[in-house]
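Following the hints, put chain W in place on chain Y, whose structure we already have.
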Amino acid sequence: MLCVEHLSVRYGERTALADCSFAAAEGEWWMIAGPNGAGKSSLLRAVSQAIPHEGRCVLQGEVLERMKPRERAARMAVLDQHHEVSFAYTVEEVARLGRYAHRRPLAGETAADRAAVAEALELTGLTDMKKARLNELSGGETQRAFLAQVFAQQPALLLLDEPANHLDIPYQRQIFDLIADWVRREGHTAVAIVHDVALARRYGTHALLLREGRAAAAGPIAEVLTPDHLQAVYGMDIAGWMRGLYAGW
Amino acid sequence: MKKRTTLILFLLLPLSMLVCLCAGSVRLPVGETLSALWNALLGRPTPGGSFDAILFRVRLPRVLCVALTGASLSLTGAAMQGLLRNPLADGSTLGVSAGASLGAVTALAFGVSVPGLPEAGTMGMAMLFAFGSLLLILTLAWGLDRSLATHSIILIGVIFSMFASSLMSLVISFAGERIRSITFWTMGSLSGASMRQAGILAAALAVCGGVILLHGEELNAFAVGEENALHVGVNTRRVKLTILISVSVLLGVCVSIGGTIAFVGLVTPHMARMLFGPNHRRLLPASIWLGAVFLLLADLIARTILSPIELSVGVVTSLVGAIAFVLVFARTRSGRH
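Chains as they are written, first to last, in the working numbering: chain Y, 1 to 249; chain W, 1001 to 1337.
Think of the hints as simulated: they come from the structure by calculation, not from any bench.
Just so it is clear, CB atoms sit at the ideal spot from N, CA and C, and this is done for glycine as well.
It is possible that some hints are incorrect.
To be clear about the criterion: a stretch of chain W counts as covered by chain Y if any three or more of its residues have a C-beta under 8 Å from a C-beta of chain Y, and this derived list gives those stretches [what the hints assert, rightly or not]:
#	segment
1	1082-1089
2	1230-1237
Examples of chain Y residues toward chain W, derived with CB under 7 Å [stated by the list, open to error]:
#	residue
3	GLU54
4	ARG66
5	MET67
6	ALA73
7	GLU84
8	VAL85
9	SER86
10	ALA88
11	LEU97
12	TYR100
13	ALA101
14	TYR171
15	GLY219
16	PRO220
Same shape as in the complex, but just chain Y:
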C-alpha cells in the first residue's frame, strides 16, 4: 500500500529525519513513536507532502511526490492534532470539504458526495450535530468533525498526527476505536504518531521507533515496542514505569 523510501528532512543545517524507510500493507495500522525531536512529525509531514524532503513515497504503486494535490487527496487523508479554524463553519461544512478531491473543478455536489458525507457523520456520531458550529464544540467533538472530514474523503491511507492529543480518556478511546474499525475495513491503512506507547500497543499492528531522526526499529508491534527497544530509544525503563503506573488498577 505505502512504501516510504529513504526519506530525509532538513531544516536549514539541521537534519530532522535521515534516510527513513518502511512499508505499510493493507489492513495495517503503523504507530510512529519516539521521544520529542525524534523526527515523527517531520516524517508524517513529508509523507503528506506538506514539507520539502528527499526520498520518495509510493502509494498504491504511484509516487506521491509526482501526484497533483487533488489526485493525492483522493487516496490519502491527514488528521492533524490542532485545527486553526478562524470562522464558525458547521460540522457538515467541515465534513463536506473532504469531498473536494472527488469533485471535478467547479462541479456541484453529487449524490455520491452527499452519501459519503452522511456516512462519515454517522460513523463519527455527528449526524444530530451536523448543523452545530465549530466554535460551539468541545475539543473532542471538533476532532470528531475533522475525523468525519477524513472519512468523507474516502482515502486508502490515513495519516494521523496525535489524533487524540489533549482529549480526555473516553474521547481518546472513541477516536481510537473509530480509526481501528476503519482500518479493519477492506483496502485501508493508517499511519499515526502516538506518544502513549500503551495506546500504540493496544491499537497498532506495526510500529516504527524513531531516535534522533533515524529509524531505531520497525516491524510488527510486539517486536518493536519491547522493553529493550523502548529503553534504548527513550533512555529509561518505559515498560517498568508503565507497569508501576498501572500496578494499583
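This is chain W only, laid out in the frame that chain Y set:
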C-alpha cells in the same frame, strides 16, 4: 430566514442606487428618474436639459462607480480574510493598496499624464505600482521561507505598507501646490467619476471578481486551515497566487479611481458573515452586494449631510468603519464571531 434576508439584500441594492440617483443638492423626482433611465436603456429620447446633465453626466456615473468600488473592495476583503484566516484582514493588509496609493500620489505630485486621457496617468501609475508591490511582497515572502507562508505574507505586507506610506510622505513634501488635490485623493472620493471609469471598474470586477467567485470552495478550505486545504486536495500555492493577483489587480483599479477608501473591505464581509455564515459560496456574492450598498449609503451621507459642502466618502467609511471595527474586534476576542 435566509431566503428573506437574501431577498431584502437583493432589493436593497437597486433601492439604494435609486435613492442615490434622486437625492442630492438638486432633488430629482423618482418617477421621472426611473422613466428617463428606462428610456435611455431602450435608446428612446430623454427629457434633456439640466435633468439629463445631472442624472446622466453626474449622478449615474458616480453611483455606478461607487457601487462597483464598494462591491470590489468588499469582495477583496472577504477573499483576503478567508485566504489569510484572519478576520481582521482586508485588501490593504497585503500592502497592495499602499503601493497603488504611492503610484497615484507620485503621478499627481509630478504631474504624470497621458495626452488626451486625463485620468490615465494616475490610474496607470496606481496599477503599475500595485502590481509592482505585489511582485515585491511575494518575492520577499518567497525568499523568507520558500513556501509563501501566509504569516510571512501578512508580515511583509504590513511592513511594506509602512514603507510605502513613508515614501508617500516624502513624495508629498515635493508636491508643492498640488498638495491639495493629493490630500483630497488620499481621503478617497468618487465625486468626479465618469462612465469610462465605471466601465473599467465593471470590467475589472467581472474578470477578477469572477475568478475570486470561482474559488469559493478553495477559500473555505483555506479558512479551515492552510495545511488542511492541502490535505483535502487544494493546490494551495496556485490558488493563493491566483487570489492574490486577482485581489491586487482589482484593488489597483479601485484605488486608482477612488483613492484609498478605508474599512469597506474589512467591515462589510463581517456583516455578510453574520447574515449568511462563513461559507464562501454564499459569503462572496453577499459581500459584493453588501459592499455596494454600504458604499452607496456612505457616499450619500458624504454628499448630503453637510450640503452644499461635500465630504470625502473615505471620511464617512472610516468613521462608521472604525466603530464597526471595534465591535468586530470585541466579538472576535470573545470568540463569538
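Structure-based check of each hint:
1. 1082-1089: It holds: at least three residues are needed, and the segment 1082-1089 of chain W offers 4 whose Cβ sits within less than 8 Å of chain Y.
2. 1230-1237: Since 7 is at least three, the answer is holds.
3. GLU54: 15 Å, violated
4. ARG66: 14 Å, violated
5. MET67: 10 Å, violated
6. ALA73: Holds, about 3 Å.
7. GLU84: With a minimum Cβ separation of about 5 Å from chain W (threshold 7 Å), the hint on Y:GLU84 holds.
8. VAL85: Holds: closest Cβ of chain W sits about 5 Å from Y:VAL85, inside 7 Å.
9. SER86: 4 Å, holds
10. ALA88: Interface hint status for Y:ALA88: holds (6 Å vs cutoff 7 Å).
11. LEU97: 5 Å, holds
12. TYR100: Status holds, d = 5 Å.
13. ALA101: Holds - the Cβ of Y:ALA101 comes within 7 Å of chain W, reaching about 3 Å at its closest.
14. TYR171: 20 Å, violated
15. GLY219: 28 Å, violated
16. PRO220: 28 Å, violated
Checked against the numbered hints above, the structure violates hints 3, 4, 5, 14, 15 and 16; every other hint is satisfied.
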